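*Asks:* Sequence:
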Amino acid sequence: MPLLKRKPFSLSEPPKDLEPCELVYQVRFTKEVFRDYHAYLNHINLYRQRIWTCKVTGKTGLTYEEALVSEKRGTEKIQQFPKELMAPALRIIQYSMLPLRDLADAIAEKLQECVFVGAELYGKKDNGEYLCKILKILEEGVKYEVAWLDKNKKTIEKEEVNQEDLEQKKPPFSREVLKSFIRESTYRNAPWVLHDELARYHGISTDIPGELKDRAFFKNGLLICNRKRKIEELKGEAGNCKSKKLEGQNENGHLEEPKKYPIDDLLVKPGPDDPVFTDRPSPSRDFNVPMDCVGDLLMVWDFCLSFGRLLHLSPFSLEDFENAICHKDSNLVLLVESHAALLGLLIRDNGDYFVAVQKRKRKMKITMITWTDYLCDFLEMINIPELCHYESTIKRGHYGLVDAQAKLGFFREMINQALETAIIREKLDEFIEQRQELGSTRRGQALEEAKKRREEKERLKDESMVNGGLNKHDVVNVLGNNSHSRQNGNIAKKGNGKAESSRQGDASEKSASKHSNPATKKTSKRSSFNVKEPAEDVKESSRTEPHEQLNGDNKETSERISKEQRREYFEREMEKRLIRTNPLGKDRDYKRYWWFRRDGRVFVESPDSKEWGYYSTKEELDALMGSLNCKGERERALRKQLEKYYNRICLELQKKSKELAHKIAEDEAIVRRSTRVRAPPRENPANAFLRYVNKWKECGRKCGERGNGLGPGKE
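Those letters in the sequence shown? Residues 1 to 715, by the numbering used here.
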C-alpha cells in the first residue's frame, strides 16, 4: 500500500449493516465504500494530492493512484530476483544499520560469487568465453553441469565445467531491483528489520542482536528503537572515514551523545544524578469477588453512580456493591433496585427490550416480586450461552446462588445495551455541549484577566513616568534655592533618574535632607515655599505608603484566592459532567492506575487486565510517587496526574481511615463496658448494604413518562 508521510495508511472500513440495494459512493482504485458524500469527497481530494510515496521503489511526490501503479511495476521487478539468493540476501538485511545504497552494494558484492541452478554465466571453451546456464551442481565450488547457449539463449550442448572456468560478468539483478527487494522485505530501517512471516519462512532469527539490545525493544510485535545510530556503528558498517575520526573521539569520551528525557521507560537506566527512589509498595488484593471480575465490578459501579440521576438510582459505596454481589440473598434491595433501574431505562428507550417485554404482555412496572422475570426476558433477548445457563436458577427464585462472575456479566450486558439507547446518548451529548460551554467561558475569563493585567501594567507605567517628571521638577526648584554645591550635586544625583517612581524620589529627597550639614539647614529655612511643599508631600506619602502597600497585598491575595476558587469551580463542574473515566496513567511495566472520585483508593490494573490491586493509605501513595522515575515517558505522565489529584486523594484516604478508626474505637468501647449495663444492639457496619434505600426512586416515579406508564414501579 502507498505510504502517507512515509507511514502506512489504513483504508476505511465499509459501513456496517450495508443493504444490497443501498446506494453508496465508491472510490474506483481503493474500492472503499461511503454512505456520506462529504466523507467520500474528502478521501478523493486526499488521494489526488501529491503527498504519497511508493512503498516498493521509494518514489515520492505521487498521487495515490500513481503510487499504486508504481508499486505494481516494482513488484513485477522484484519477482525477477532469484529465489536461490533470497535467503542469503535476507540474512544480510536483517538488523543491518547501513544506508539503503550501501546495503544494496554490500549484498551485490556478497552474492556476486554465488553460483546456483539457473544462473547464467560465461564459461571458457575452445580458447573463448561463451554464455552458459547452470543445470546441476555436481560438487559445490568445484564442478558444475552447464548448458551452452547460442545468441537466442537456446541450448546447444551440455558439458561439465570446473569452477575456475566460469565467470560472472553481469550480476543477476540490478541495483534498483535489489533496493526494491529490500524495501518490500522490511517494515523499518536503521536497523532494517524483516517481516516476521518472511523471516520465519526462510529460517532467519528475529532475536535482537547484542549490540542493539540496550537501545531497542519489541512493542506490539514491532521493533522500537528510540536512539539515533551510534557513531561507532556508522564506522563499523559504512566504513566512513569521517565516522572513524568521530569514533575515536567517542572512545575518548568527548562526543558522548546526550540523552534527551523523557524517553521510553524500558530504555531508562540508573544514572548518578538520579534521586533516591523508594521501593514501590505491593498493592492489596483482598477483593471479595474473583480477581478477573474486579474490572467489571468497577465499571458497573462507576456507571451506576455516573448516571444515577438518569437511572433514578441513589449512590452506594463500592464496598456495599461488592458485598451485595457476593451475598447469597436473592432479594437484596441494592441489587434489585440496580437491576430495575437499568431494565427500566431499556424499557423507556422503546427498543428491542421494550418489544420483548410487550410480547410477554408484562406490566411496565418492575417490582420486588417480578424483577427476576424481566431479567430472564433480557437474558433470552441477548442469547449469550454463558449467561443464559443461569436462567433456570433465577426462575426458581435462587438468584443468590448465581456466582459473582455471572451477576456482573448480567450488569455488563445491561450497561452495553444502555449505552446504545437514545436516552444515554442524548445525555452524553448534553454533557459534551455543557463541557464545551464551560471551556469557552473559562477561556473567555482567562483572556479578560490577561487584558486587565496588561491595562494595569500600562497604567502603572504611565503613572510612574508622570510622578518621575514631577519629582524632577521639584528637585530643580530645590537646586535653585540651595547655595551649597556639594548638596546640590547629591540631590541632582538622586533626582535625575529616568522613570523614577514617586516613592523612590520622595525617599531620596528625605534622605538627602536628613544627612545635610547645619549650614545647609539654615539656607533651606530661608528658601521659598516651593521647598516646603515637597517636604509636606514626603510626610504624607510616608504615612500613606504602608496602607497602600497593605491594600495592594490584600488585593493580590484576594485575586489569587478568587482565581483558585474559579479553577476549582470549573473542575467541579467538569467532573459533574463526566463523559468517561480514564486511568491516571501507566508505569514502566504498562500497569494502569485508576482513581475514582467517589472512592479514595488508587487501583492498579495489570497489562492483561487479569490482576488487580489497590492502595488505601497516604503512606502507600507517597511511596508509589517516590518510586516513579520521571525520565520515563509513562511514569512522568503518571506522576504528574498523581500530583494533580494528590490533595483530593489524600483527603478521601484520610476520611476513610478516620471512619475506620472511629468504628474500631466504638466497638472496643462497647466491649469494655460492664456486662451489668445492657447496651443497645448495634448494627454491623459490614452489613450496611443490607440497609440500602433508593432515595431517588420517588423522584423517578414523579418524573417518569406518563404516556406509556413507564418508570420504576411500586414494590
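Hints are computed from structural coordinates only; laboratory data are not their basis. From a predicted model like this one, the values you see are computed outputs, not experimental measurements. Ideal Cβ placement from N, Cα and C applies to all residues, glycine included. Honestly, I wouldn't trust all of these hints.
Stated by the list, open to error - The list that follows gives simulated cross-link-like pairs (lysine-lysine, BS3-like), each with its CA atoms no further than 30 Å apart:
id	residue 1	residue 2
1	K658	K631
2	K143	K124
3	K179	K153
4	K158	K179
What the hints assert, rightly or not - Pair ranges (Cβ atoms, derived):
id	residue 1	residue 2	range
5	S562	L428	46 to 56 Å
6	S10	E380	20 to 30 Å
7	A108	P20	34 to 44 Å
8	F29	L578	36 to 46 Å
9	N288	N331	38 to 48 Å
10	H662	L419	33 to 43 Å
11	A108	T155	22 to 32 Å
12	A190	F29	50 to 60 Å
*Asks:* Hints first: check each against the structure and report whether it holds.
*Replies:* Checked hints:
1. Taking the CA atoms of K658 and K631, the gap is about 36 Å. The hint is violated against a cut of 30 Å.
2. With a C-alpha separation of about 13 Å, the suggested pair K143 and K124 falls inside the 30 Å cut-off, and the hint holds.
3. Our distance criterion of 30 Å between C-alpha atoms is met by K179 and K153, whose separation comes to about 28 Å.
4. A hinted pair counts as satisfied when its Cα atoms are at most 30 Å apart, and K158 with K179 does not qualify at roughly 35 Å.
5. Distance hint check for S562 and L428: the Cβ-Cβ separation is about 32 Å, which falls outside the suggested range of 46 to 56 Å.
6. Distance hint check for S10 and E380: the Cβ-Cβ separation is about 39 Å, which falls outside the suggested range of 20 to 30 Å.
7. The hint said 34 to 44 Å for the Cβ distance between A108 and P20, and at roughly 54 Å that hint is violated.
8. Checking the proposed 36 to 46 Å range against F29 and L578 shows it holds: the Cβ atoms sit about 44 Å from each other.
9. Taking 38 to 48 Å as the suggested C-beta distance range, the pair N288 and N331 does not conform, at roughly 20 Å.
10. Taking 33 to 43 Å as the suggested C-beta distance range, the pair H662 and L419 conforms, at roughly 39 Å.
11. In this structure the supplied range 22 to 32 Å holds for A108 paired with T155, their Cβ-Cβ distance being about 28 Å.
12. Hint check: A190 to F29, Cβ distance near 32 Å, so the stated range 50 to 60 Å is violated.
The earlier numbered hints that this structure contradicts are 1, 4, 5, 6, 7, 9, 12.
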